[in-house]
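Visitor: One letter stands for each residue in the lines below.
There are 2 protein chains.
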Amino acid sequence: MGVVVNIDNGKREGASIKELIGLTAADMGRVNKLILSKAGSDVEMIPEVANHLISSGGKRLRPMLTLAAAQMFGYEGESHIKLATSVEFMHTATLLHDDVVDESGMRRGKKTARMIWGNQASVLVGDFLLGQAFRLMVDVGSLDALDILSTAASIIAEGEVMQLAAAKNLETTEDEHFSVIKAKTAALFSAAAEVGPVIAGASKPERAALRSYGMNLGLAFQLIDDALDYGGNSTDLGKNVGDDFREGKVTLPVILAYRRGTPAEREFWKHSIEENVSDDAAFEKATGLMARHGAIADTIGRARHFGEIARDALAPLEATPQKAALIDVIDFCISRVV
Amino acid sequence: MGVVVNIDNGKREGASIKELIGLTAADMGRVNKLILSKAGSDVEMIPEVANHLISSGGKRLRPMLTLAAAQMFGYEGESHIKLATSVEFMHTATLLHDDVVDESGMRRGKKTARMIWGNQASVLVGDFLLGQAFRLMVDVGSLDALDILSTAASIIAEGEVMQLAAAKNLETTEDEHFSVIKAKTAALFSAAAEVGPVIAGASKPERAALRSYGMNLGLAFQLIDDALDYGGNSTDLGKNVGDDFREGKVTLPVILAYRRGTPAEREFWKHSIEENVSDDAAFEKATGLMARHGAIADTIGRARHFGEIARDALAPLEATPQKAALIDVIDFCISRVV
Chain A
1 MGVVVNIDNG KREGASIKEL IGLTAADMGR VNKLILSKAG SDVEMIPEVA NHLISSGGKR
61 LRPMLTLAAA QMFGYEGESH IKLATSVEFM HTATLLHDDV VDESGMRRGK KTARMIWGNQ
121 ASVLVGDFLL GQAFRLMVDV GSLDALDILS TAASIIAEGE VMQLAAAKNL ETTEDEHFSV
181 IKAKTAALFS AAAEVGPVIA GASKPERAAL RSYGMNLGLA FQLIDDALDY GGNSTDLGKN
241 VGDDFREGKV TLPVILAYRR GTPAEREFWK HSIEENVSDD AAFEKATGLM ARHGAIADTI
301 GRARHFGEIA RDALAPLEAT PQKAALIDVI DFCISRVV
Chain B
1 MGVVVNIDNG KREGASIKEL IGLTAADMGR VNKLILSKAG SDVEMIPEVA NHLISSGGKR
61 LRPMLTLAAA QMFGYEGESH IKLATSVEFM HTATLLHDDV VDESGMRRGK KTARMIWGNQ
121 ASVLVGDFLL GQAFRLMVDV GSLDALDILS TAASIIAEGE VMQLAAAKNL ETTEDEHFSV
181 IKAKTAALFS AAAEVGPVIA GASKPERAAL RSYGMNLGLA FQLIDDALDY GGNSTDLGKN
241 VGDDFREGKV TLPVILAYRR GTPAEREFWK HSIEENVSDD AAFEKATGLM ARHGAIADTI
301 GRARHFGEIA RDALAPLEAT PQKAALIDVI DFCISRVV
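Residue numbers (the UniProt record's numbering), protein chains in the order written: chain A, 1 to 338; chain B, 1 to 338.
One chain only, chain A, in its complex shape:
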């Protein structure tokens, strides 16, 4: 696959996740089979609810990270398939619970499970998938991998509670916000990437490289996601532009626009976010204020910053197709918005 490499900074123009998809295709076939099998249960409602979300066309980026990170260090066993499945189940469980917490109606362009089967089923099937995730990890038998992933599970929940506690708080600082997204999003990217070298028996610096890559990629990914909610294409995004605004979520574009705003503009934000006056006219005004203050551009700038750190985390590692593919992922994540 011909790719133009810019020699100055190693960035690839037109980066995509095609390389990553290609390298992990065979393994992902097995992951997808294992997902279907382990989401199965004699209790019919479980596969129904689980498969609604599982089959809704997520990119499965996190399990691909685990697979590529294991391949990168020459891993040849079976455990990466199980851990990748485990990672995807942790992610799916989080989405099911998130939709309940956020009272979301749509996810990936489909009705959320809670709209079809109710909050109860979403909570419980999420719990089931989390249980299955742990069983898969135990099956692999690596205490290091178990430690990394179980720690991530606690941290993700902690991040979600942090986000809930800070909900509608426009005084949230940028640092506080980074703590939230580091925990709720980046921790799983980091764990997904790190367990690859762990099961491959890679060195400590190699583990640290993949952990840092995952963490910083996750931060960039979340920031771009937050930027996309104020522009971009609703079909690509799988959610509707303006969802965060309507739900009164305090994401980085809002934090920047609020901090940089005039007193009158801050009143508008309080009205919109805290009192939930978030109709189409308010949304249009919000995006206008963001443009005026460069809030979206600078959110993307922050994402690039983390993307650079992710790239440099991998720099000392030997050149492999996996390394190149993982670097492409950074540029892909960021270029989604451009």
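Treat the hints with caution; some may be incorrect.
You can't tell identical chains apart in this list, so a pair holds if it fits in one copy or across any two.
[To be verified] Below are the SDA-like pairs computed for lysine to any residue, each with C-alpha atoms no more than 20 Å apart in a straight line: (1) 33 x 21; (2) 168 x 267; (3) 182 x 45; (4) 168 x 118.
Please keep in mind that the hints were generated in silico from the structure rather than gathered at the bench.
Since the structure of chain A is already known, use the hints to place chain B on it.
Guide: Using the frame of chain A, we list chain B on its own:
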């Protein structure tokens, strides 16, 4: 402590959990400290929500089972403290999620966390505690214990979904109902008891004995709980008599009264359970019908049956104070209702 032993069947009159409490008191002191420490977080809402339930005076029967079962086989390390804490966290997480699923207002005589902090916090703090439970297990480092407890986590969630799917279904058979309570309640009792011998390096038959004891004790415990909801003292129970009826739960007393009822009585049950006409007058009628058909007495009879199996599961084991205390627990659980 003087206890009258009936030589015929090994049952103790006036059995209590005092012996179990006494034997595990020192260890439980350490478990309680670990609970407070591991429910801690810089995210203030987490210890607030967690401690509301943790400090609400549950009996902590499950962690005591783990401790006594470890002591019974001469275990002398630290891991039983961590596993007992892990078991209590799994239980607490389940209660937090259950209250959301059942839309419960009261638990152990106090407002539920969801009434104070909302459903969102209950879901997420439950997830956090589950994550912490797994971290404690990983810290212990026994793959066997991890296998037992992570399998229990999946099974519990499966049981909860089964219960949700069967909600308000008066045609639920007794066998189906046993499958539900085996999964949602007894599986954790069983796992809590089995991990004791596992970390103590006991033999396979010893593990199987404790596993079977826990499973059957859990079934008896749940059936008595269901009987108590139609009589008994609301303070002892920590919930209000009639809660299950008002929530339209199909428990064994209802299943038996419905099956044995006249066509007119079955109409009453459909009206009450399926259409939620469950005021005080309806509740009085319900208890009257249960009395007429011996539904409560036979629910207790079924509980005794499982209690006998639990007792016989321990029979081959050497006589120890722990064994005697665990047998007392069976009689205590059943005598709660008499």
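Visitor: Now tell me, hint by hint, if it's right for this structure.
Guide: Hint check results:
| no. | hint | result |
| --- | --- | --- |
| 1 | 33 x 21 | within (16 Å within a copy, 48 Å between copies) |
| 2 | 168 x 267 | within (13 Å within a copy, 49 Å between copies) |
| 3 | 182 x 45 | between (33 Å within a copy, 18 Å between copies) |
| 4 | 168 x 118 | between (25 Å within a copy, 15 Å between copies) |
Taken one by one, the earlier hints all hold for this structure without exception.
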